[in-house]
Amino acid sequence: MFRFHKLDKTTSTRCAVCKYFRRRCPPDCIFAPYFPNDNPHKFTCVHRFYGASNISKMLEELPVYLRAELVESLYYEAKCRVQDPVYGCVGIISSLHQQIQVAQTQLAKTQAEISVLNANFVVAQPPSSLDESLVQQNGVDHGLDDPFNTWFY
Amino acid sequence: MPKGCTVVASQQAKNLIYYLCSFGSILFFHPLNTLCFPSSLSSLLPFASYSSICRSGGRGRIRGIMASSSSYNSPCAACKFLRRKCMPGCIFAPYFPPEEPQKFANVHKIFGASNVTKLLNDILPHQREDAVNSLAYEAEARVRDPVYGCVGAISFLQRQVDRLQKELDAANADLIRFACNEIPGGMPVMPHLSSIQPVTPPQRGTTGIPALGDGIFYQSPPSNFPYPYANQLQWSHPSNSGGN
Chain A
1 MFRFHKLDKT TSTRCAVCKY FRRRCPPDCI FAPYFPNDNP HKFTCVHRFY
51 GASNISKMLE ELPVYLRAEL VESLYYEAKC RVQDPVYGCV GIISSLHQQI
101 QVAQTQLAKT QAEISVLNAN FVVAQPPSSL DESLVQQNGV DHGLDDPFNT
151 WFY
Chain G
1 MPKGCTVVAS QQAKNLIYYL CSFGSILFFH PLNTLCFPSS LSSLLPFASY
51 SSICRSGGRG RIRGIMASSS SYNSPCAACK FLRRKCMPGC IFAPYFPPEE
101 PQKFANVHKI FGASNVTKLL NDILPHQRED AVNSLAYEAE ARVRDPVYGC
151 VGAISFLQRQ VDRLQKELDA ANADLIRFAC NEIPGGMPVM PHLSSIQPVT
201 PPQRGTTGIP ALGDGIFYQS PPSNFPYPYA NQLQWSHPSN SGGN
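These protein sequence lines are chains A and G, in that order. The first sequence: position 108 = 108 (full-length UniProt numbering), numbered continuously. The second sequence: position 199 = 199 (full-length UniProt numbering), numbered continuously.
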């Protein structure tokens, strides 16, 4: 015996939330713009941790132009929590902090090494090269001058 | 989830005390697996006062609180909030002491008591404390930033990591340039006269943290959040500087 399900307009345009709850999706459904029916996983993921009523309250508290961002951030946090039920996205935050610490340490070490090399480079400069550079700067040829009695202009 | 993040998180909880700095909060993991907030930020974080419980020896104190809740019929913060009798086996009692009502209030507002119960039942008992604290952290972040919550922090930190990585690459390039100029053999010593091009350090892989792009700090990460843990974390250890 076959059963034919009568398709009405609401069946084909139900959002993922109303599909999940097997209810009619009203035209002003607050979830519809953010939980399209082609991505049911999004709502199941978010619903698992926040609950539909909490999501609805959060959406209602925000202006319309911010609700999409809210839903995306909730989805992100929910996915983090699915993958790490204990720490969720806090695990990511702590990992990032650790990376920052490591990078800062490494950067400080590298900059210290550069300072040391820079200092050594200045100390190791031979005197003749300085004289030549001064001659070049001033355009005066002191090549026959006594190198031990050189006037610096 | 790639193992890197879970392993790092587990190692943090078990081995290290370290400070997580951000503009909005300072967070550190106590070796007794508790998330604590320094009291200096009590003005910023409403439930920072429970940091004193954490620092004084989280688990032992919490067990003591649980014992006191059951022995003296002092309801936990959750049962107080829900206006019900706090039974001896209350699942919330060890983690929501009556001295920290705001903690449960935030968690309940964002997640709901039933969802928290389900989550705790799915987790091993020795991990529940960390789970509750991370939920409390997320809830607090969401209360402060209703749009982005923790994702705002992740976005900001990711930008910091990228900036530091660029600075580090530039510094390494400078270092290599200096090192090359010091090689003897008649090579010109003036850095700007060196004919050797600076060796670019080997390109690292992605950090594994999804790049959330630029945006106003804590305010407006972009809307294209990629999936988390898309790649393994690849960050060069200080002992491996200059090469992966």
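Just so you know, these hints were derived from the structure itself, not from any lab. Please note: incorrect hints may appear among the correct ones.
[To be verified] To give an idea of the interface, some chain A residues facing chain G are shown, with a C-beta separation under 8 Å as derived from the structure:
no., residue
1, Cys15
2, Tyr50
3, Ser56
4, Val64
5, Tyr65
6, Ile93
7, Gln99
[What the hints assert, rightly or not] Label pairs and their in silico Cβ distance ranges:
no., chain 1, residue 1, chain 2, residue 2, range
8, A, Thr13, G, Ser74, 49 to 55 Å
9, G, Asp122, A, Phe21, 37 to 43 Å
10, G, Glu167, A, Arg22, 51 to 57 Å
11, G, Pro146, A, Asn120, 54 to 60 Å
12, A, Arg48, G, Pro88, 50 to 56 Å
13, G, Ile123, A, Arg22, 27 to 33 Å
14, A, Val82, G, Pro88, 29 to 35 Å
15, A, Asn120, G, Ile123, 52 to 58 Å
16, A, Val82, G, Lys166, 41 to 47 Å
17, A, Glu60, G, Leu124, 45 to 51 Å
18, A, Thr13, G, Lys118, 27 to 33 Å
19, A, Asp28, G, Leu82, 16 to 22 Å
20, G, Thr117, A, Asp28, 31 to 37 Å
Cβ coordinates follow ideal geometry from the N, Cα and C atoms, glycine included.
Enumerated hints in conflict with the structure, sorted upward: 1, 3, 4, 5, 9, 12, 16, 17, 19
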